[in-house]
Amino acid sequence: MNWEITISGFGGQGVLFIGRLLMEAGFASGQQVSWLPYYSGEKRGGMCSCFVNISEERIGSIFISHPDIAVAMNPAAYAMLEPDVKPDGLLIVNESLVKEKSQRPDLKAVYVPTVELAKEVGDESVANIIALGAVLARAPVVTTSSVIRVLNQMMSKNKPQLELNKAALLKGCELS
Amino acid sequence: MSNRGINDMDNAIFRRPDIMPDRATHFCPGCGHGITQRLIGEVLDDLRLRDKAICVGSIGCTVTSYLYYDVDGTEAPHGRAPAVATAIKRCHPDLHPFAIQGDGDLASIGMAEIVHAAARGENITIIFANNANYGMTGGQLAPTTLVGMYTSSTIAGRKEDRHGFPIRVSEMLATLDGPAYISRVSLHNPANVRKARKAIEIAFRAPLEGLGMGFVEVLSMCPINWKVEPVNAPQWIVDNMIPQYPLGEFKCKPEVEELKKAVRG
Amino acid sequence: MSERTLMGGNIAIAEGAILAGCGAYFGYPITPQNDLLEHMSVRLPAMGRVFLQTESELAAINMVYGAAATGVRCMTSTSSPGFSLQQEGISYMAGAEVPCVVANIMRAGPGLGNIGGAQGDYMQCTRGGGHGDYYLITLAPASVQEMMDLTMLAFELADKYRNPTLVMADGFLGQSVESIVMREPVKSLPPKDWAIDGARGRDRRLINSFEMNPIDHPKRIRLLLEKYERMRLEEVRYEGMLLDDAEIVIVAYGSAARAAMTAMNRARKNNFKVGLLRPITVFPFPSQVLSDLAEKGSKFIVAEMSSGQMLEDVRISVGNQNEIKLVNTYGGVPLTPDMIFEAIDLMS
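These protein sequences, in sequence, are chains L, E and D.
Residue numbers for the first sequence follow numbering that gives the first Met the number 0, beginning at 0 and rising by one.
Residue numbers for the second sequence follow numbering that gives the first Met the number 0, beginning at 0 and rising by one.
Residue numbers for the third sequence follow numbering that gives the first Met the number 0, beginning at 0 and rising by one.
These aren't lab readings, by the way, just hints derived from the structure by calculation.
Mixed in with the good hints, there may be bad ones.
Subject to a maximum C-alpha distance of 16 Å in a straight line, what follows is the list of computed EDC-like cross-link-like pairs (lysine to aspartate or glutamate) [to be verified]:
#1 D:Lys268 to D:Asp291
#2 D:Lys324 to D:Glu246
#3 L:Lys85 to D:Glu246
#4 L:Lys85 to L:Glu56
#5 D:Lys191 to D:Glu228
#6 E:Lys51 to D:Asp202
Heads up, incomplete: computed chain L residues facing chain D, CB under 7 Å, no partners named [to be verified]:
#7 Met0
#8 Asn1
#9 Gly29
#10 Trp34
#11 Tyr110
C-beta: ideal position from N, C-alpha, C; glycine also.
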């Protein structure tokens, strides 16, 4: 299987980070991976995307125009991604910021109030992790446990942060 | 290559420095560069630097300065000699790169490189030959050209309102913490040539001791482009250049004061 | 088996340089290659090697000149506007036969342009780039693994030919992360009997490109030209994919070649006979293989992120008999598999 994943939002929403987690988890499971950030000139607050390939084969394009899985963290990202997701693809929409609903019948669109759910687990800064959990609940791209292992490694020196991220991931995974 | 000839005569009372091959320079009659090159040659001999010195050529009349020393040499693009010398020193702290740069090379196109090399405290020696014009290209306006001075690109003289003011490089660099030693000397008479010799030696000794850049600005004759007789060029320095560019030391770290005691003259 | 690890493209250049024995790095910040400079600022001093952040790209390239003249393997990295500034220094090094590696992580120009990845420096890189008669071997990685491998090769070729060597990648590749196999460090570096490292116990050496006497200069140039001819004969590198039965050959390098690979695979699923010719050296350019493919009657699609700069090399190689179509983006916009697939569809 070759998973093509695009995640977009404002810079600062943790778009690159959840892409990175997916890539690291894919790599740890022995897959070929690529991760490409794509953003406008501002260091903070501009439009930001990342493209992740997770594949059993040699990866072609590092830029993805038709993702199997898309995560739209803000309205601009939704407008950009919604038409491009592959038929039968998965679109995770950050319902906290995006009010539109997709009219595409060939799409699995999932609306997730990421900010509210993130507050429930303790801090809105992990809204991105909620969205990642929602991806994992709907698509067998990598296992939840493999992402948790990556988090364990990355945040081993910051237990409270680690627990917050884990809680957010599991909260996102609970969505059905 | 024979580096002897006249130097082998037993009764010689004035010798070419051993480090300087027996060849004519390309400098014009009355030019100061030959004196500066010789003074550096004496210092290279005295400090026994043949195995360590790297002569970094610059662009302008100093372009082939490396031809006149029997040491390893290279050639920097216009203004970049301090950058080239920096890298040589950083990669080989045991070597001693030095450069002679003219005023166009150092104070115009290469201003960034000299300022930053000085600010970083690079342990290199820079001899700055200031003759107030672009010698090699035919005597155009330089950053050091005096107000009112004729050049081939200011045929009615340098005007403050159109061409701005000459730059006092030594004073400017002396505001930095990096350099160990900065001084301005002149070649207009034997007494001042002796002082120049001493300053150049200090400018070699200080970086050799790891104290930072040694920098000597040499006011140097350029009779051809000044349109004066070679014999009158020294007096031209006294009358025109020294009032704008006063002689003296502008920076001397305390450790360098100690070093000076070892310098003759 | 060697260890696999995740690495960014720019970091892979830095690590490749370290493995190749790069003893000094001089650089100036410019997006999108800042992580390379930052990585070197930590790694080299820790190994007792030289790192210096310079006052400009001009200073950086001239420090590379100074360091390389002493025989040290050294490099700088930059992106397009900075690369333009470095042309004078590179020309001096080509003229003085001083080896070094310059990595140009291309962004969109002209002018300040855009920080998006681009391939608009193709002409500058493959035609010498600065003043005078010279060429540089120019390596075009298309993956993070190649960012490492070709950087190591660049140091080897620079020393082999005593010539600056370029690693030319686009900003997208530089910023991307992929898994790679770590390489072994180079054990021994070639001796350099020309380096200016202090004239201890030998005649003095001189490294320059200046001939006071105009009669001597053409002789020097002729030696350089012979060297470039050897490069053309010995150093052409490319990857061919599915070329045997290809009726359409896509020619692409760098991240555009990755998009081309995806487009090719999609086309093959749709029973289009499509192959990919990916130049790894863009100077010397793989002209002969293209010319041979043209003989067989192939059509060509040139896919690149510039106005069509490599297109000219393809035209020169292929001639006028075969159809050649350009698919391109410019201004920092990535080339997508869709665009290339569409061109295949139209051409079939």
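Against the structure, the hints come out as follows:
no. : hint                 : in the structure
1   : D:Lys268 to D:Asp291 : violated (26 Å)
2   : D:Lys324 to D:Glu246 : holds (14 Å)
3   : L:Lys85 to D:Glu246  : violated (29 Å)
4   : L:Lys85 to L:Glu56   : violated (19 Å)
5   : D:Lys191 to D:Glu228 : violated (22 Å)
6   : E:Lys51 to D:Asp202  : holds (13 Å)
7   : Met0                 : violated (14 Å)
8   : Asn1                 : violated (9 Å)
9   : Gly29                : violated (9 Å)
10  : Trp34                : holds (4 Å)
11  : Tyr110               : violated (28 Å)
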